[in-house]
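Single-letter residue listing:
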Amino acid sequence: MSPPPRPPPPPPPLPRDSGHRLVASIGAATLLSRHREDRTDSSAPPSARALLAAALVVVCGAILGVAGFAFEQGHANWRPHATRTSAGWRVTQPRLGIDGADLAGDHLAWQAGPYTIVMDLNSGATRLVGAATDAQSVWPPAVSPRGAVWMEVADGPGKQTQTLVYAYDFTSRRRRHLLQTSSDLSAASPVVTGTTAYWLSDRDGTSLVTSCDINGGGPRVLASGSDLGPFLLADGSLVIWSSQPRPSAPFSLTVLDTSSDTTSDLTLPGQSGASFDSPVLADGTLVWLRSANQSGGDAIYSYDLHTLSARQVVSGDSLVGPAFDGSTVVWAQPAASGSGDVVMGLRLPGGTPFRIAAVSGDVSSVLVSGTRVAWLVGAGPRSSLATARLPQ
Amino acid sequence: MNDVDPSPPSGRPARGLARLGISREQLLFWLLLELWVLNAADLLLTHYVLWLGFATESNGIMRYFLHEGTLTATVFKIGVVSVGALVLWRVRRRPAALVAAVLLTAIFAAVVAYQAVWVLSL
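If you read the protein sequences in the order shown, they are chains R and S. Position one of the first sequence corresponds to residue 1 (this note's numbering), numbered consecutively onward. Position one of the second sequence corresponds to residue 393 (this note's numbering), numbered consecutively onward.
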């Protein structure tokens, strides 16, 4: 039998100030305990609650970011009104209006005030690709199935006027700043074919025809002279520019085949005493509007650069256009009823004119590419763009 | 990293978190980790948007480092936020560290979400 355990000895008597010491020792023990707990917490796996709370902070921040984006987009004045019609799309730009447009493949691009906007005609999605709010002027974009090119004029360093050339690639969705120059660039340029942009510029009395790949690479001067312009056209490997000593003087055309680097002069038949307006080059054929200075009648002509044969496509009064994509010529003419215009088409070679659409307003320009046709109605804030499918 | 300030945790955030059963240090740890990841995402999105040609860096310091080169900008941006996160972790006993981490993480989340939605809207 073992003896029963002794009771623990009674605690020694406390001194008079022992109350404070006890509190202090308990406090120290608590502190040490917390200290140990914290050390334990630091090495312990983070709790799910802490993780959820941290995720909540991220979600709240993300909601703020998305709300800010939505607010900004909702108050952006560049956004067009695009409505789907039975034939295609109708686009308006509230307050800004549409100043100029181009069509190629599945993309329509236009200028609205300081903005350059691209629309995917399959989805109707619009994209702001240029916002030249500080620029003095912006020129309407030129479009190829691969991308869009446009120019802006702005004050550069020292208040010197600078011309900037931009390109937007539809595939990579990338915008490039192709050029910044103090040269005067012609309002008739740039033009783009495939991924190559061309423009006319003037520096110190010398005119230059310059090319540049929209996906990079420096500009390359193709031709220079004292009187190049105002027309510059490009399609595939062919580049055509006009030369005119004076604005009222007869002009000549030069054709450059960039694949062989050969140039040749081009003389259009029946151009004496007539104007040469809105030329279009596509698939080796030049199409233009000829207004006879004396009679006042208009005619659209085509000239095949391969066969060197010309033909009159259509004649009439107050024709608008033409547009040409290599197979179909499109123009607008006053409706027979006297109210509004009619958009017409004709397939080369040898087709007969067919009606595409009747328009209630005055058509100011027409566009065609593949199976699509577009026309710009009116001017200023009430202008509108409409697209349709070409009749088969 | 494991040095501990012997002073007891104090302040309203800590008391509120304690009521929710959330450890302040664990929350700070996750916030700083998120901040680091969001900073890296911000760097990637900024590079992508600059590559797309639709934006310019508005932060003068970052603009300088981006001008110097991608690697320089990456080292600077990741380095600054990493050092900042370490400093916040070092002073994790202070309630201000948690408040700063919450604010910074929320701001970075807002910036990254804005950029991500912008890129998706292209």
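What the hints contain is simulated information worked out from the structure, not anything from laboratory work. Where is the CB? At the ideal position from N, CA and C, for every residue including glycine. Warning: the hint list may mix true and false statements.
[Stated by the list, open to error] Simulated coverage check for chain R against chain S, where a stretch passes if three residues somewhere in it have a Cβ under 8 Å from a Cβ of chain S:
1) 65 to 77
2) 324 to 332
[Stated by the list, open to error] The following residues of chain R were derived to be distant from chain S, with all beta-carbon distances above 12 Å:
3) Ser47
4) Leu51
5) Asp99
6) Asn122
7) Ala125
8) Val129
9) Gly130
10) Gly156
11) Asp169
12) His177
13) Gly217
14) Asp283
15) Arg347
16) Pro391
[To be verified] Residues of chain S placed beyond 10 Å of chain R at every Cβ, according to the derived structure:
17) His439
18) Ser474
19) Leu478
Results of checking the hints against the structure:
1. 65 to 77: holds (count 5)
2. 324 to 332: violated (count 0)
3. Ser47: violated, 5 Å
4. Leu51: Leucine 51 of chain R not clear of chain S: closest Cβ-Cβ about 5 Å, inside 12 Å.
5. Asp99: Per Cβ check, aspartate 99 of chain R is outside 12 Å of chain S; nearest 22 Å; holds.
6. Asn122: holds, 15 Å
7. Ala125: violated, 9 Å
8. Val129: At about 8 Å from chain S, valine 129 of chain R fails to clear the 12 Å cut-off, so the statement is violated.
9. Gly130: violated, 10 Å
10. Gly156: holds, 16 Å
11. Asp169: violated, 9 Å
12. His177: violated, 7 Å
13. Gly217: holds, 15 Å
14. Asp283: holds, 31 Å
15. Arg347: holds, 36 Å
16. Pro391: holds, 34 Å
17. His439: holds, 13 Å
18. Ser474: Given that every Cβ of chain R is farther than 10 Å from that of serine 474 of chain S, nearest at about 18 Å, it holds.
19. Leu478: holds, 15 Å
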